[in-house]
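Novice: So you can see what is in the structure, the chains are spelled out below.
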Amino acid sequence: MAQTAKSVNIHNKRVSAMQSEDNDSILARIADGENGSFELLIEKYGNLVWSIGKKFLYRQSDLEDAVQEVFIAIWKSADKYDASKAKEITFVSMIARRRFIDHLRKISKHKILESIDDDNSGHQLYKESLLNESTDLQLVKNAIQSLDIDDQELLNLSVYQGYSHSEISKLLNIPLGTVKTRIRRNLIKLKAIFETNETNTILNLNNA
Amino acid sequence: MPREDKKQERLLDLLVLESTQKLSLEEQRELNTLLDLFPEYTQDHFHEMTALAQVSFYAQDNFNNELLPKQMRKRILHAYKSELGQSTLMDYINHYMRVFFYKPQYAWTLTILMTIGLSFAMIEFRTYDANFRYLPLKRAFLENTANDMIQFPWHSRSNSLESISGDIIWTDEGQKGFIKIAGLPMNDPRQNQYQVWILDPLNHKQPVDGGVFDVTQVDGTMIIPINPKLPISKAVGFAITLEQPGGVVVSNQPLLLTAPKERPKITI
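Chains as they are written, first to last, in this note's numbering: chain A, 1 to 208; chain B, 1 to 268.
Treat the hints loosely; a few may be bogus.
Subject to a maximum C-alpha distance of 25 Å in a straight line, what follows is the list of computed DSS-like cross-link-like pairs (lysine-lysine) [claimed, not checked]:
#1 K76/A / K22/B
#2 K54/A / K74/B
#3 K189/A / K6/B
#4 K54/A / K44/A
#5 K76/A / K6/B
#6 K81/B / K180/A
#7 K22/B / K170/A
If you are wondering where the hints come from, they were derived from the structure by calculation, not from laboratory data.
Model the full structure from these sequences, guided by the hints.
Specialist: Take a look at the structure:
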């Protein structure tokens, strides 16, 4: 009973902290039907979703269809968002990834060249704001940086660049089995680091 | 390496694959079977981590400065307004329901009631093999996430089963489903077992084996996973028969239950 009361107390404090952090959560505002909240959603996550989409889908028409679907899906799922379970950016990027991966089945993918914009200072600020707003992202960033350089590259190619395991195997001239094993181990490791840090955060909240 | 460890390793490989690319029908079926063997895992095991890792890489990628095109912004807003324009009375009701339950005190009351209800449900299932302990959650997950879910209530084909209640849900994309049923008589697994069949006339001349199950309790509702033995392209109906232990490939037994009510064109 004491343990249950302690767990509920920890959870209460985490929810309270999340609520104060996410008082202006866009998803909460969308769920409430607040005017202008959907526009804010596009404003905040449009660049991120578009950039992620470009890693999965080559044809402009496929990309545009998929990005539109992502935002409508996020809008329709806003009432399911639980701030105590995940950050808003996690929720948004998970929905985006699922939609893009679903689209991959229907069309063939092709790698595209990145556009290099010399004047990227504004965009850097946007990216920094994403990192600074979310402690989860900071945790994951640190966890990734704790991996070997080679493992970071594998993860980058798989999770970010959107290469399949067989494509990575050919690209890096590594046996397919090795690619699968290393990516699996890295994700398990990241998950363990992330969950350990989350638990420590909750414990710190409890002791505060 | 022990067989169980190999299976777990294969499960983790499939979960990694699922979080980074689309699985084939075969892979999805294999994943569903392994998830039933290892109920502590769920299909979205690595989803959060891959999503966060992707955003993290993006935030540090100095060469990726893509901006959402203005035209795209307009297009998304236009789509949103079209969706809004299709609002019905139910949408207004749902909106106010959401607002009501979003108040913390109501949300907590509902959470506590659901936890109590789920605890009772899980206690009821303690007579099952441990693998079946998480089935209510898995069914709820499917109901909330499957885009192509179909659902039919069960209809009795026998006078002795008139008190049957329940339904079946299924997703062709996920290649899985769940039976919810109450009122089915207990069986002796040494003598016979219930078998569920999936009707997919476009792809299979005969109904496809969806697995066997036992009824081990008189009262209460059971939730049973469906695991097709062959890929299903478009399920149109389901049936339950009573077969020899382990089930059969082709049934000669009378239909006990069907879903939907209308007799499908293919008969068992």
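Novice: Please go over all the hints and tell whether each is borne out by the structure.
Specialist: Results of checking the hints against the structure:
{"no.": "1", "hint": "K76/A / K22/B", "result": "holds (23 Å)"}
{"no.": "2", "hint": "K54/A / K74/B", "result": "holds (19 Å)"}
{"no.": "3", "hint": "K189/A / K6/B", "result": "holds (19 Å)"}
{"no.": "4", "hint": "K54/A / K44/A", "result": "holds (18 Å)"}
{"no.": "5", "hint": "K76/A / K6/B", "result": "violated (40 Å)"}
{"no.": "6", "hint": "K81/B / K180/A", "result": "violated (43 Å)"}
{"no.": "7", "hint": "K22/B / K170/A", "result": "holds (19 Å)"}
In terms of the numbered hints stated before, the structure departs from hints 5 and 6, listed from lowest to highest.
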